[in-house]
Amino acid sequence: DTAVSQTPKYLVTQMGNDKSIKCEQNLGHDTMYWYKQDSKKFLKIMFSYNNKELIINETVPNRFSPKSPDKAHLNLHINSLELGDSAVYFCASSQFGGPYEQYFGPGTRLTVT
Amino acid sequence: KQEVTQIPAALSVPEGENLVLNCSFTDSAIYNLQWFRQDPGKGLTSLLLIQSSQREQTSGRLNASLDKSSGRSTLYIAASQPGDSATYLCAALNTNAGKSTFGDGTTLTVKP
Chain F
44 DTAVSQTPKY LVTQMGNDKS IKCEQNLGHD TMYWYKQDSK KFLKIMFSYN NKELIINETV
104 PNRFSPKSPD KAHLNLHINS LELGDSAVYF CASSQFGGPY EQYFGPGTRL TVT
Chain Y
11 KQEVTQIPAA LSVPEGENLV LNCSFTDSAI YNLQWFRQDP GKGLTSLLLI QSSQREQTSG
71 RLNASLDKSS GRSTLYIAAS QPGDSATYLC AALNTNAGKS TFGDGTTLTV KP
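Going down the list, the sequences are from chains F and Y.
Heads up, the first sequence is in the working numbering, so the first residue is 44 and it goes up one at a time.
Heads up, the second sequence is in the working numbering, so the first residue is 11 and it goes up one at a time.
A few of these clues could be false.
What the hints assert, rightly or not - Calculated pairs, EDC-like style, for lysine to aspartate or glutamate (alpha carbon to alpha carbon, straight line, at most 16 angstroms):
1. F/Lys87 - Y/Asp77
2. F/Lys84 - Y/Asp49
3. F/Lys83 - Y/Asp49
4. F/Lys83 - Y/Glu27
5. Y/Lys109 - F/Asp113
These aren't lab readings, by the way, just hints derived from the structure by calculation.
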């Protein structure tokens, strides 16, 4: 049983295209996150949703738009992709109210050519 | 703004050695500190979580400690094995922001 799943695992696309990454968790958590891991392996939070509401929105270009249809799903849509968007994107989830242990998905490797 | 530093960036040890990985954070107002393991091309696997009221947590050969006042956490790995080779990341969760700040990781290589 996969706890946090992401699709697709790999995504290769050209500059200027629009793409989406989907995330689902079956842990019953109410908080979900998107992280970006760049080529230097540095991991940084992008967004966080609690019960479908945005609670964390870091300094991310507005080309990135997260959507949470329900508390088990958090999708990431990226418009007008740029070379600098190439990275691994991780979804994670936790339960609000403690202990906030985060569980990560396998990641989506996005390559923009 | 929370900053998390992990030292060393890379560590190579012979099999069987005990080792310590270090994690430092600048803002002591943390809710918890979580240690992860990341294998090449894989996601993050949670190893241990220490809540702010706790001093340490243990799981098998792993022991993590937390000293909020000094802004430090350590991950102790006993009797290291080649299978322990991976990148180890620590993350500090801040109560005010509700977000985790990750360190850059320590890449561990255990040689047979």
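Results of checking the hints against the structure:
no.: 1; hint: F/Lys87 - Y/Asp77; in the structure: violated (24 angstroms)
no.: 2; hint: F/Lys84 - Y/Asp49; in the structure: holds (12 angstroms)
no.: 3; hint: F/Lys83 - Y/Asp49; in the structure: holds (15 angstroms)
no.: 4; hint: F/Lys83 - Y/Glu27; in the structure: violated (28 angstroms)
no.: 5; hint: Y/Lys109 - F/Asp113; in the structure: violated (20 angstroms)
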